[in-house]
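There are 4 protein chains.
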Amino acid sequence: MSEAKKARTEKRGFLERLAAGEVIIGDGGYVFALEKRGYVKAGPWTPEATVEYPEAVRQLAREFLRAGSDVMQAFTFYGSDDKLENRGNVSQKKHTGSAVNDEACKIAQEVANEGNALVTGGVSQTPNYLSGSGKEAVQEQFRKQAEVFIKNDVDFLLAEYFEHVEEAVWAVEELKKTNKPVAASLCIGPEGDLHGVSAGDCAVKLAKAGADVVGLNCHFGPDETLQTIRLMKAALDKEGLKPYLMTQPLGFKTPDCNKQGFIDLPEFPFGLEPRIVTRWDCHKYAREAYEIGVRYIGACCGMEPYHVRAIAEELSEERGCLPPGSEKHGLWGDGLRQHTKPWVRARARRDYWENLKPASGRPDCPQVSKPDSWGVTQGDKDLLQKTEETTDAELKDLFKK
Amino acid sequence: MSEAKKARTEKRGFLERLAAGEVIIGDGGYVFALEKRGYVKAGPWTPEATVEYPEAVRQLAREFLRAGSDVMQAFTFYGSDDKLENRGNVSQKKHTGSAVNDEACKIAQEVANEGNALVTGGVSQTPNYLSGSGKEAVQEQFRKQAEVFIKNDVDFLLAEYFEHVEEAVWAVEELKKTNKPVAASLCIGPEGDLHGVSAGDCAVKLAKAGADVVGLNCHFGPDETLQTIRLMKAALDKEGLKPYLMTQPLGFKTPDCNKQGFIDLPEFPFGLEPRIVTRWDCHKYAREAYEIGVRYIGACCGMEPYHVRAIAEELSEERGCLPPGSEKHGLWGDGLRQHTKPWVRARARRDYWENLKPASGRPDCPQVSKPDSWGVTQGDKDLLQKTEETTDAELKDLFKK
Amino acid sequence: MSEAKKARTEKRGFLERLAAGEVIIGDGGYVFALEKRGYVKAGPWTPEATVEYPEAVRQLAREFLRAGSDVMQAFTFYGSDDKLENRGNVSQKKHTGSAVNDEACKIAQEVANEGNALVTGGVSQTPNYLSGSGKEAVQEQFRKQAEVFIKNDVDFLLAEYFEHVEEAVWAVEELKKTNKPVAASLCIGPEGDLHGVSAGDCAVKLAKAGADVVGLNCHFGPDETLQTIRLMKAALDKEGLKPYLMTQPLGFKTPDCNKQGFIDLPEFPFGLEPRIVTRWDCHKYAREAYEIGVRYIGACCGMEPYHVRAIAEELSEERGCLPPGSEKHGLWGDGLRQHTKPWVRARARRDYWENLKPASGRPDCPQVSKPDSWGVTQGDKDLLQKTEETTDAELKDLFKK
Amino acid sequence: MSEAKKARTEKRGFLERLAAGEVIIGDGGYVFALEKRGYVKAGPWTPEATVEYPEAVRQLAREFLRAGSDVMQAFTFYGSDDKLENRGNVSQKKHTGSAVNDEACKIAQEVANEGNALVTGGVSQTPNYLSGSGKEAVQEQFRKQAEVFIKNDVDFLLAEYFEHVEEAVWAVEELKKTNKPVAASLCIGPEGDLHGVSAGDCAVKLAKAGADVVGLNCHFGPDETLQTIRLMKAALDKEGLKPYLMTQPLGFKTPDCNKQGFIDLPEFPFGLEPRIVTRWDCHKYAREAYEIGVRYIGACCGMEPYHVRAIAEELSEERGCLPPGSEKHGLWGDGLRQHTKPWVRARARRDYWENLKPASGRPDCPQVSKPDSWGVTQGDKDLLQKTEETTDAELKDLFKK
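Chains as they are written, first to last, in our numbering: chain A, 46 to 446; chain B, 46 to 446; chain C, 46 to 446; chain D, 46 to 446.
Bound conformation, chain A alone (with noise of 0.2 Å):
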């Protein structure tokens, strides 16, 4: 066993990790792949799967532990109280938020076992946030969440899809409380926060709360991610800061955004499929977010287990190992040498992957979209937290705009 191998087999700490140099291989999407499964509900996006089909979670978890993933995130996205009871959803009354974040981490901790993963219970912003009910309503939200973390004894806590960096520091220095390790990820792309707060200030606010890492998840896909990294380390190096950083962009492309991200995308959410990235665009963003200096490395919505290990595989060398997943995969296509077709064989390279410019079989279809464009921020009503589900008058106002 080589030695970087054998220095992974140990289950070390999260912050022990980073200070080695080492990369982490964060995991893919939970809501998006569990809704494709049929366990979560697109619309709440709400985690009670943890508590109804804990097995169907559990499969996924497994399958991105096999695909390399070095960080079982507890599938606690979006499960504050105040989400679970908005606009109609019963998932908290039915289970209650503690339950659904405890079963969670139960979930997270049991398949780490099985690998050597740290496991990470995170908190996401608030309706009350966006509603405007202030910093303590907000901190209160992400303190019940926290205390589950703890009682479970994650390895480390993250504050992750925050559209604001306000909140997001309001997540940090709630965490921060607990004394275990905080990462920090905002849902902005190179415009900045929805605040109009730049990127690179917003990486500053995040390490100056107190972030142990800092860097981007969702909203953007690999290319805007990284290019939005970039601006955050220019800041924080010229402010002297060092936090770890971090990358999990979206499974999609998503070249045509705007500050909102693939929200705002009128293939939101039933029709990104032409956007899904290749398993080598996978391998084109481990390399280039390693040469940029992120060693969190990961995924958010619509990167599924194989888009995972694509990032183990590209990083195999750096990492010491191949993930236990490419057992059943060939590097660079390699298994294709297996296949019947003479001409399918011919594809068993890594220049004709790479090069490749894949078709949609979509000739009637545009390449990019406009992306809706409300301009509706915090505060306003539309966004407003309220448990009642959305009427059909209300609906048919929406259709009008």
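The hints are simulated quantities; they were obtained by calculation from the structure and are not laboratory data.
Keep in mind that this is a model prediction, so the values were computed, not measured.
C-beta atoms are modelled at their ideal positions from N, C-alpha and C, and glycine is treated no differently.
Any given hint could be a false lead.
[What the hints assert, rightly or not] Mimicking DSS-like on lysine-lysine, the simulated pairs with C-alpha atoms at most 30 Å apart in a straight line are:
#1 D:386 <-> C:180
#2 B:386 <-> B:415
#3 B:329 <-> A:402
#4 C:304 <-> B:415
#5 D:446 <-> A:329
#6 D:445 <-> B:441
#7 B:304 <-> C:402
#8 A:221 <-> A:253
#9 D:402 <-> A:415
#10 B:402 <-> D:56
#11 C:180 <-> B:402
#12 B:446 <-> C:329
[Said to hold, decoys possible] Distance windows between CB atoms, simulated:
#13 B:138 <-> A:400: 47 to 57 Å
#14 D:198 <-> C:159: 27 to 37 Å
#15 A:279 <-> D:198: 28 to 38 Å
#16 B:235 <-> D:379: 41 to 51 Å
Add chains B, C and D to chain A, keeping to what the hints say.
Frame of chain A; chains B, C and D shown alone:
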């Protein structure tokens, strides 16, 4: 409970259901879905995961059941002995074809019993046929698989994924000896089989060979598959033949395919993402298939559980029920009324999704490709079955072509 | 001077040239080119510019001559009396059809004499036919135009741009009475004429009616036109008929056309720019047409002088000469060796241009369109000839459809 | 006659018109239009056609006048002596630059007098500058051309098509010595000039050098040109400078250009067809330019007479008149009400054309390209002026790059 629904809740036979005019919904594609999850190797595409990772296969089967599948297809694709030892594949030696197929049946049976689904075992084209080994050798392969299926008492047998109707007829003849109902589907398009037999003539040959159900699977997307089944139906009608019809198309857009289907596309198999169909494409497919008169309406490679759910949702009125998985899916995007952002709530309506022309986010890519057309056909030395792995020297020769 | 070139420098007859196996290069599209220059109105598309702006017509004719055209086609398209007074067109009243056609012949003759070109006068489909006025009324229109052509002693007559082979046959019959050679071309595609007569049958009918040359012009781009001429040739061969063949396709890409051709495309006529063919498309067209056996190789709407020059350059070896206009054009981009920028000089080679896949710069646009398909055919009241301008009320009705 | 129209019918001076707030419409692109017509050679792009084929140049000028151009730009582009003898160009030896420029002025003057148009003579970037010959040598080139312009008493002088503001400033300084009004336009985009001077700074430098009009021409399509003029205007406003503004963009879509503009696109110059703008793109361009405050609104390479007519039609209300060429063009497609087919008549309306997303008919092509980016800049040996033609050996070296 509606009459229609009640009728479906007792386990009735395959032909009984078809004779009653019921729609039978097939399942989706195992090899592609499990490749993405890390349990099947692209290249050989063989199903040894049934013995290696049964829980992963079982989970996928459950997702299809939940999506509305009335048939659990035992994961026996390419499970013939000669394929399991083709070009360096060690699965035959390690597991034996019998064990792989047997375990596939057991998983299918177990999951089918969790609902009200039928079980089928399938055979498909063999390296022996491509190598010109003759009828007896080829049928011997089918016989070995069929023995396992009979031992497991599946509800019906399937001869699927044949490029040459001759071999499919041999399969039907062999399978008919079991006295089980037999469905037969070719992987051909509007241009007919690889020996130049027209689609219509193919259908007639299969019906005359005794197939109870005749149709298509794989190699072409929904549009081309429906175009081809129309040709088949016209020829059958002309001959006064009345087998039931089945279609299980790819989950990819393939307007640019020639005779050989998606195998020839330069994107096969690792760059097909931009071609993945949306759930709305599946609604359209299901409706059109139904209107043509197809009653076994299923799906093949690239079709994930949510695609099957869309088929079941489109036909929910005809079937008298929604699939269990619709618990997590508002019809026609209705779940979006629970979304935080008002402009996403504005997408909670049928006409929005029916009219969407989804962009690929890839302006530097073409929309259609030029298929490889090597013209290598049955009997060519490049197609011969061989147990040794393809050598680097052989590959190098192919790369030059 | 080469023998081949010498042979071309004395003015020899139309059929004489064809009988000698020579290639005859047609000219390009007058109505579209002059519309862009400001002398023809899109909508009526009538040729009264011959009397109003003769110098503009003459200049374009000279450019075609210079580009290598062996035929100067008198600009008489849609010059029948009934078209010149259709739907508010005042040209008949103001100039008379006779004068318009006569001046067209004089210009064509003048320019033809500046080189060694032939002159032809053409008739095309009439509002009378669409209105169901009957054979005699329709032939009367052709007779009036033919009288002018005979008075001007053109080298041959052309019956072109017919959607219905029946009307084209009537035209051939009428024109044959003059004892001039007659060429006949339909504006149909692979699906045949608008009455459902197959392309092959159309060709046979025209040949049997006495047309010396049979072929196609307008409505489809080079690819579909060549596909159709192949069908025509096969049918003629089968019948043992040997007319010469001609093709004068559009200068637009039209893979998405149905039976009615580019008129049905939503881009017709003011959004066709992205479909304009390159000079390299014309090289390919000329070569393929020649190989099929077409010897009257010309061009129609959208084909500018430089497109015709490309045809002449591609066939320069067969013809023994380059066109005069090649003075200002290096073959296969060779003129770029004089460019200031080195990377543009690097494009001075054939394989660069042959392999270029030109981008549209329009990522928000589709690549193919859905043709309008109103199914309005000959005899429909919406097609009736009428002298009054379309009213706003009539338009409003149409906008609703 | 309206007041606005009356004002335009007496020939008033260039600055007088601008001072009165009038819109001045420029003409279109001579070199590209005449290349397509067979009178200019792509590669050298020099204007010796003025002496060789004056009637062809005159005809194009008349078409622009008819389309609404208020300025007849003498066809002197690249008419400097050093360009006329660059890399094998024999035009300087054969005709002399003086004669070429002189004849250009005479043609422009003749046509201008047929309407009420102004005449200008222009200088543009020189091989001398690229070769690093220094200010005096460069200005000597401009002086020689200016002498001809002054002799012909043009209405104003134009320094256009400069990639480096430094050379443009030298041109302005030289031209100002004549006491004629001077307009100056760079061929740069939003990234600024090739020496890295920002677009805003470029504008300020030109204004400070004394240019009465400052702006842009060529190298970028309407969208990018307008984006750049906005940057220029902002910088001028900030400095309190108030030159008039001009824009003469390409008639091509160029969203994928980098700093060097369309020269770097792989489609330049023989595969640009799919990028050609429609007349509706010109309406949009004219309106936006007007709203920004541009008052000299013209066009460059790729812009044909019908494009200029569209600019004039869009601004017909502001100008109090339609251009003469609108005699043959119904506003917003209105001429289609005279079309034979009802579904084409149904397109006789503004909103149809404003909303059309025109397809390219090229599904196998990308929508954007990757520009060549050789990074070769002023002073590089590959850019040196030389009179000898590029040799095959030199070309071969370039092909390898």
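(message) Output the indices of the hints that this structure fails to meet, ascending.
(response) Hints 2, 10, 11, 13, 15 contradicted; others consistent.
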